[in-house]
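All chains should be modelled from the sequences, with the hints used to inform the complete structure.
Listed in order, the protein sequences are those of chains A, Y, B and R. The opening position of the first sequence corresponds to residue 1 in the working numbering, with each subsequent residue numbered one higher. The opening position of the second sequence corresponds to residue 1001 in the working numbering, with each subsequent residue numbered one higher. The opening position of the third sequence corresponds to residue 2001 in the working numbering, with each subsequent residue numbered one higher. The opening position of the fourth sequence corresponds to residue 3001 in the working numbering, with each subsequent residue numbered one higher.
If you are wondering where the hints come from, they were derived from the structure by calculation, not from laboratory data. Accuracy of the hints is not assured; some may be wrong.
Stated by the list, open to error - Far from chain Y, some chain A residues (derived; all Cβ distances over 12 Å):
hint, residue
1, R252
2, D308
3, E351
4, G396
5, D501
To be verified - Label-pair restraints from in silico Cβ distances:
hint, chain 1, residue 1, chain 2, residue 2, range
6, R, R3241, B, V2164, 53 to 61 Å
7, Y, G1328, R, E3403, 56 to 64 Å
8, R, R3218, B, T2073, 53 to 61 Å
9, B, T2073, R, A3227, 38 to 46 Å
10, B, P2112, R, E3403, 41 to 49 Å
All C-beta atoms in this analysis are idealised placements derived from N, C-alpha and C, irrespective of residue type, glycine included.
In case you want the letters, here they are:
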Amino acid sequence: MERPFAITLDVGSSRANHTGSWRVERPVYLDYLPPCNDACPAGENTQRWLYLAESGSYEAAWRALVEDNPFPATMGRVCFHPCETACNRVKVDEAVGINAVERFLGDVALDKGWELPRPGSAADGPARPGTASGRRVLVVGAGPGGLSAAYHLARRGHQVVVADANAEAGGMMRYGIPAYRLPREVLAAEIDRLRPLGVELQLGHVVRDLAAERRDGAYDAVYLGVGAQLARRTDIPAGDSGRVLDALSLLRAAGDGSIELGRRVAVYGGGDTAMDVARTARRLGATDPVIVYRRTRDVMPAHDEELDGAIAEGITVRWLSTIDRFEGGKLVLERMTLGPDNKPVPTGELEELEADTLVLALGESADLSLVEGLDGVQVHDGSVLVDASMMTGAAGIFAGGDVIAGSRTVTDAIGHGKAAARGIDAVLGGEVRAPATRHELASFERLNTWYYDDAPRTIRPELDRIRRQSSFDEVFGSLDETNALFEARRCLSCGNCFECDNCYGVCPDNAVIKLDGAQLDGPPQRRYVVDYDFCKGCGICAAECPCGAIEMIPELI
Amino acid sequence: MRRDLLPTDAVAAGGTPEAADTGAGTSGAIGDDPGAGRQRLRFYQVGSFAVGNRLADPSQRTVQSDATRSNSLDSGHRACQGCGEALGARYALDAAMRAAGGQLVAVNATGCLEVFSTPYPETSWRIAWLHSLFANAPAVATGVAAAMRVKGRSDVRVVAQAGDGGTVDIGFGCLSGMFERNDDVLFICYDNEAYMNTGVQRSGATPSAARTATTEAIGPDPGAPFGQGKDLPRLAMAHGIPYVATATVADLHDLEDKIERATLMRGARYVHVLVPCPLGWGTASADTIAVARLATQTGLFPVYEAKNGSVTSVSKIRRVQPVEAYLGMQKRFAHLFGTPGRPDIVARIQAIADDSIARFGLLDSHAGEPAERGAR
Amino acid sequence: MRIHGRGGQGVVTAAELLSVAAFREGRFSLAFPSFGSERTGAPVVAFCRIDGRPIRSREPIVEPDALIIEDVTLIHQVDLFAGLGPDGYVLVNTSRSFEELGLTGLVERFSPERLVCVPATEIALEHIGRPLPNAVLLGGFAALCEVVSLEAVAMAVRERFGRVLAESNVAAASDAAERVHQHLKEWSRARAD
Amino acid sequence: MLEQIEGSRAVAKTVARCRPEVVCAYPISPQTHIIEAIGALVRSGELARCEFINVESEFAAMSVAIGASAAGARAYTATASQGLLFMIEAVYNAAGLGLPVVMTLANRAVGAPINIWNDHSDAMAVRDAGWVQLFAETNQEAADLHVQAFRLAEELSVPVMVCMDGFVLTHAFEQVDVPEQDLVDAFLPPYEPRQVLDPADPVSIGAMVGPEAFEEVRYLAHVRQLAVLEQIPVVAAEFERTFGRRSGGLVSSYRAEDAEVVVVALGSVLGTIKDTVDERREQGERIGVVGITSFRPFPREAVRQVLSAARQVVVIEKAFSIGFGGVLATDVAMALQGLPPEVVSVVAGLGGRPITTVSLRRVLQAAVNDRLPPLTFLDLDEDLVRHELERMAATRRSGPTAENLLRDLGVPSGHIG
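Here it is, written out as structure tokens:
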């Protein structure tokens, strides 16, 4: 077509006009640290596996999860999920049910028989097929920390032996957590999955002389994860009639059914263990267990859902009470008030509470006899001191879990095990990796929550109350697939592109290019790049990015 | 994620998870077990609000999420940073292009859109496009439509587009004629509420109290006067044409849906799209979509559609906002705030918003109320 | 030819019919109205030139050879006879005489045998049923000055109108022509007397 | 076939035989009979494949034509006077976009005072718009020029306006040989647009052009008009071959070869002038006539040739540029630059005032006797004007001129002519 000069133009010719020169700020895609990841003591890349789960790529999601934590089915049951506490979605409606999705993935993995990654295949470690390092590591204690360390060490190509005094592996997971929260077959199955990695479990093996053990076994390093087994006691005058137990003994005995409790059980303490004890007592036949706690609910260390679970099962709490004495089937309690700094202050007021058994759930201390006398190992306030790589003052001896100071949870222990494995690997001649730079936190303020649809979280199925009071059946059921998918899709993907196409769509200058990146472990990843030839720097993409993954950065002038 | 698959009210209001289910096809095999069953994808993550979703079936995606969208208005145009009209025009025409299978001709009135898109020697359009004059886009489109009809090109759809000046003011005569004859044209008004091309002067679509270069924020009644201006969508409805709709650049799904629906209809259709102008409104260029959203969430810009002269659906307000939230982010209303500010004027604007909410039943509590209630 | 009447009486049509009649007889003719935005009832003038060679001039006819006056009430409003030569033809639609119309003086200025009154409206009512005097007058005019034949007028009428209306008009025109002939015969007889 | 037919109807039938695909209709006197007749032809099916659109204004009429033409359809409309001025922006636009719209202009004066009668003020108001403007002398020529107009327009992608005097031609019944359909079809090929809105081959039509190229665009439009100038005689010659009669061309000349005084005019007044000239010739005066058929583009060379031998050129024109004088005379004078003829301008026939032989005779006699000033107003009622000038001089609030004049005239509405 012969086109008239100037008034008729060929389509799309304006692409010759590079409007990028107008820009004073440029949008840049960044990856921020999601608060869930940030809060996870086990260092899970929570958002990543939720992202994969969202597309129904459950195996990919599970694989991303076990990069950090080999026990999803377990953790999906027992973790106190600080990820959910940190979750930004709380400010929209309710936190994403991350823990429930983790459990779903863990259960699907067990169901399908998915195997953990092969030894020497750590994504964040050196590539060493099998046990190619030729190094041996002794892990003392087959609790969550020890097993986690063993797993991560095995994946780094080291030969690992786990020694534990108990007859079964699992540590507190096995002996401290009631079965209604964690069915034993689930735990066993996840622990068994470690064996193909070459992790050797020496159960019933009591380690008494660490130096000798290390020398005899030619271990290049040791991880100490013996936990805290020594029940803390308090001086309560008690007559003959009063039966006083400690929490760990009770829980352990309940596990093998070797205990009879009276009808009236009082539990002294305010942590999760106190809740476990009271609820266990209920299942063992106590008609009305009572928890005695010195302070008030808002300062109680037990997690809300544990307390709620206990109350739902008919357990009562005597708030602001201490036990003065235990005599003649009666507990004498003293009323307290809260003083400054939430310290309980006695009032002198006394009252009585009938009780056949008093269980003390006042916490446990680590048995540090194993490290006594070891050169360099420093102990402070009942805890072993470790450095950032989890190494004690003694070369090659690492420690984690309840023996070190800090939060005493299964999740923390798993995180310690992983960190220690990394530290041990470094000591054993692996590459010394600089710790990954922690990205800036993806704060709620970064999000544009308009785009997220209203979606209250899914309620996990709960066992009915009658059965909860009489059996050790698991209280919480699993999410079915639909619910798990729903829950995963509630993730806001804080601070990380999740390919909603908003930037691609809202750019008035078509200056966002949609990529078509094939991805091995999931659906094609279609992130975006900015075409700076045309981007005028208006910032709409950043303002309208739901997850706050775009930052406007001033152009250098 | 087509809205026509959904109960309108539920989606508009956000609704319950079940109602808000976007119904977007299936995800195919779940996990690694092909037999695990097919299920409907739910996008609670971004609901039906974001442009796209990586999990959506390609056939259900918005036009704008499509890597092969036509980009009817391409890069290199000379619109200001954050131009709502550039965005709205691409949204609308890409949607129309998809609906028409690429068989589309667009006619453009004089105005920003025309000036920034086609300065010799470059054009940003990738479609057959004609600019004639400021006032005559509807008539020119009528001519194009007539030519297509006489040539048997029933496959070609004709779109005319103009800013608010070219629509409600200078172009209204031609537009009304086009409506009245029920010519086979989809007319799209990109309403940025003033003559932006010439430097922000008042138009018949300028809201009360807004500062423009011809309604300065001076004197006892600063900004555009109250009690003036044209509500063109309702005037269009009064012509009894088959389709009238309002939309904004803040709700792409709604906009695309309406444009696609309108494109495929016959006769005179009118879609009125609110397109904020960072320059004229005095908003940050990044806030173009946010301010459009607030226009809807305050009720000041009701989003609805009408067929044959009657309102058939409204987009409910999802998160109702006071007008201050909307006015406060625009410099053209800056004289209403600060010390001493003009709370009396803000209250009058709030009354306009309340009226609009009542008239169109924009809140669930108003659902079912009679739409007509006094003059705006 | 100049035709005077009022809006709605078919003055323009009369001029056009006359031109068509002339065309049918192989002559050149040009008919045109005194262009205006006249509404029904307003005074209207139309013109028709007839010639044996092409007509180039388009000026209004200020010196007509013939006048047709469709409405005598115009006599006191418009200078109907302006420019008419002493040998001019005048055909007036009236059932009265010039004397009765108070135009005695006028009659004296022109050739009396060329001044004819014909009750065209009455004839129209009789034949057509409506007061449409224009074709009737053309019939009378054909008889009066013989610039066109009655047959040519009939052809023009038949071209213009539907069959029924055309035939009633033709009949009325013939009637008027007959009356004019009659009048002329009477006049020449009277003159011979 | 020869018919005794109204000019409007002859044009309507001719336009219909040109097979326009889109016709835009908005009524204005004296154009109404044309669009009414085309409307009826469309309704009856005689003009098939045509969209007849009753628009809401002349502005819309031209705009619809622009859209239709840009989309590849043959587009036609008709207007007059105020209508032309109401659409003037679109008139310029159609030309600027190079769209071959054909429009009949039933020439009429432009108000105020409002006046429905014929003169050429309307055509002159758009002479710079870039349209070809052809003036018809008779209704035969009016009809024939439309066939040539479509041909010229589409060959050169330029809009063409056929100007015919309102009422004088549009409402005149005369003999016209309406171009036969088969001959029109042979003469006028289907419209093949130079540029078209085609989704399969999209372009942007109607770009904004800044100072860097606007002059060039305008110059190219001028070059296009010069090409039209070349083409008009070619098309007219082909028309004569096809239809067997002369029509159109750039200029027409009548007894001008040996004339000392040549009258130049546009449109239907040429007939009256020719009659007057014949009469003067009989008196032995060497007077001739030149009609300008193509006013735009202006045939400078042809005018120069045909007038170069004259002693005096009298331009009689139905429009003038207030504050200066004759428009056509200016063009003619420019064409004759450097040549001996003296050019004078006689403004005549404004607002429908009859141009009579009597008055023309007077003008020609004055011309022969070299008594014509450079600018004359034919038949100007000088007493009336003087009276009004005096009144205006006497009191500032003298009232509206037109009404004052009417009062002075004491003319009732039904004056003759």
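Quick rundown of the hints versus the structure:
Once the 12 Å rule is applied to beta carbons, R252 of chain A is consistent with being away from chain Y; the minimum gap is 38 Å. For D308 of chain A, the condition that its CB be more than 12 Å from all CB atoms of chain Y holds, with the nearest at approximately 24 Å. Remark: the non-interface label on E351 of chain A is consistent with the geometry, its nearest Cβ contact in chain Y lying 49 Å away (cut-off 12 Å). Listed as outside the interface, G396 of chain A is consistent with that label: its C-beta sits roughly 41 Å from the nearest C-beta of chain Y, beyond the 12 Å cut-off.
Listed as a non-interface residue, D501 of chain A fails to keep its Cβ farther than 12 Å from every Cβ of chain Y; the least gap is roughly 3 Å. Remark: the range hint 53 to 61 Å for R3241 of chain R to V2164 of chain B is contradicted by a beta-carbon distance near 46 Å. For the pair G1328 of chain Y and E3403 of chain R, the supplied restraint of 56 to 64 Å holds, since their beta-carbon distance comes to about 58 Å. Between R3218 of chain R and T2073 of chain B the CB atoms are about 60 Å apart, so this pair conforms to the stated range of 53 to 61 Å.
Between T2073 of chain B and A3227 of chain R the CB atoms are about 60 Å apart, so this pair departs from the stated range of 38 to 46 Å. Between P2112 of chain B and E3403 of chain R the Cβ separation comes to about 44 Å, which falls inside the hinted range of 41 to 49 Å.
Of the numbered hints listed earlier, those contradicted by the structure are 5, 6, 9.
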